Structure formats: structure tokens, C-alpha cells
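Participant: Sequence:
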Amino acid sequence: MYLARRMKLKDIEEVHSIEENTFPDPWSQDAFAKELMSNTHSIYMVIEEDGTIIAYAGLWNIVGEGHITNIAVKKERRGAGFGRKITEALIYEGKKQGIISFTLEVRVSNKNAIKLYEKLGFKIAGLRKNFYDKPKEDAYIMWKQDL
6 MYLARRMKLK
16 DIEEVHSIEE
26 NTFPDPWSQD
36 AFAKELMSNT
46 HSIYMVIEED
56 GTIIAYAGLW
66 NIVGEGHITN
76 IAVKKERRGA
86 GFGRKITEAL
96 IYEGKKQGII
106 SFTLEVRVSN
116 KNAIKLYEKL
126 GFKIAGLRKN
136 FYDKPKEDAY
146 IMWKQDL
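Here the sequence shown stands for residues 6 to 152, numbered as in the working numbering.
Hints are computed from structural coordinates only; laboratory data are not their basis. On a predicted model such as this, the values are computed, not experimentally measured, just so you know. For glycine and all other residues, C-beta sits at the position ideal for the given N, C-alpha and C. A hint or two may mislead.
Claimed, not checked - Pairs of lysine-lysine residues, derived as DSSO-like cross-links and limited to a Cα-Cα distance of at most 27 Å, are as follows:
hint : residue 1 : residue 2
1    : Lys116    : Lys128
2    : Lys15     : Lys100
3    : Lys101    : Lys90
4    : Lys141    : Lys128
5    : Lys124    : Lys39
6    : Lys124    : Lys100
7    : Lys13     : Lys80
8    : Lys116    : Lys80
9    : Lys124    : Lys101
10   : Lys141    : Lys101
11   : Lys90     : Lys149
12   : Lys100    : Lys141
13   : Lys100    : Lys139
14   : Lys90     : Lys13
15   : Lys149    : Lys124
16   : Lys101    : Lys15
17   : Lys90     : Lys80
18   : Lys124    : Lys90
19   : Lys39     : Lys116
20   : Lys15     : Lys80
21   : Lys120    : Lys101
22   : Lys139    : Lys128
23   : Lys100    : Lys120
24   : Lys101    : Lys139
25   : Lys128    : Lys101
26   : Lys39     : Lys128
27   : Lys39     : Lys80
28   : Lys39     : Lys120
To be verified - Simulated restraints, written as ranges between beta carbons of each label pair:
hint : residue 1 : residue 2 : range
29   : Ile105    : Thr45     : 18 to 24 Å
30   : Ser33     : Gly126    : 17 to 23 Å
31   : Ser22     : Met42     : 25 to 31 Å
32   : Val113    : Thr57     : 19 to 25 Å
33   : Leu132    : Leu8      : 20 to 26 Å
34   : Thr57     : Arg89     : 15 to 21 Å
35   : Trp148    : Gln34     : 29 to 35 Å
36   : Glu142    : Gly103    : 18 to 24 Å
37   : Lys134    : Leu8      : 36 to 42 Å
38   : Tyr97     : Leu14     : 21 to 27 Å
39   : Lys120    : Thr45     : 32 to 38 Å
Let the hints inform the model, and build the full structure from the sequences given.
Facilitator: Shown next, in the form of C-alpha cells:
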């Protein structure tokens with residue numbers, strides 16, 4: 006059984022391990038700690054299963070818009086629906102704080118993530134040229150609006 010909940014400082018080591026195994030330019034443990042301790046406009050969620058973090062996601066609440074900063078699932082648990090579950094939990098928490106629209110960037114080559122976001126109601130709204138490094142790649146800007 007799994008539990009979706011707010012991220013805590015004690016989760017950072019496990020979250021950072023997932024981050025390092027997911028992204029070529031990972032956030033540091035300090036970056037996650039600052040988000041949890043200092044950014045009053047952020048929401049970070051984890052999915053925990055049997056005491057182990059298997060997914061996480063975060064966003065910044067910018068004047069009622071949720072800018073999703075990161076979503077990742079532990080490598081050995083990918084493809085089991087946890088990307089959808091953590092994204093839905095994050096959106097739910099955002100709506101509780103009055104967020105009515107959500108945005109994110111995604112690599113144009115990340116077809117699985119794009120399909121997931123489209124199933125959740127996101128639509129491609131633009132392109133950011135050379136947004137990503139390691140490797141250099143464009144990003145789609147995607148938006149979801151819930152009025």
C-alpha cells in the first residue's frame with residue numbers, strides 16, 4: 006500500500022537519490038532543503054510505500070499558478086502508474102491552496118511524460134528552445150487550467 010503525503014526534511018536523502026538517478030543535472034540536497042524550509046510558496050509531495058520513497062513532485066505557487074518544478078519516480082517503479090499518482094496528489098494539494106492553473110516544461114523527446122500530462126489535461130502551449138542542458142534539448146511548455 007502506498008501513501009501520498011507532503012515531503013519532510015527526513016525524506017531529502019531518498020528524494021535526492023531518485024533525483025540523481027533520473028536527471029542529468031540533478032538538484033542538490035541543499036536545494037530541496039531550502040524549498041522545504043524557506044520557500045513558503047512551494048508544495049512538495051512524496052509517495053511512500055512500506056517506508057520507502059518511490060516518487061516525488063514539487064511546484065511553486067506563483068500568484069495562483071502552479072509551476073511544477075520536478076516529478077520523478079524511482080527507476081525500478083516506473084511504468085506502474087506512480088507518475089500519474091504523484092502528479093494528481095500535487096495538483097490536489099495545489100487546488101487546496103487556490104491554484105487554478107498549472108504549468109510545466111518537458112523535454113520534447115520525453116513522449117511517455119507528454120502522454121501522461123495530456124491524460125491529466127495538460128496541453129502543449131509553446132516551445133522553449135534549448136531549455137535543457139546535458140543534452141541540449143528543447144522543452145514543450147504545457148498548461149492545465151481548472152476553473
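Participant: Of all the hints numbered above, which does this structure not satisfy? Sort the numbers upward.
Facilitator: 5, 10, 12, 13, 19, 24, 26, 28, 30, 31, 32, 33 and 36
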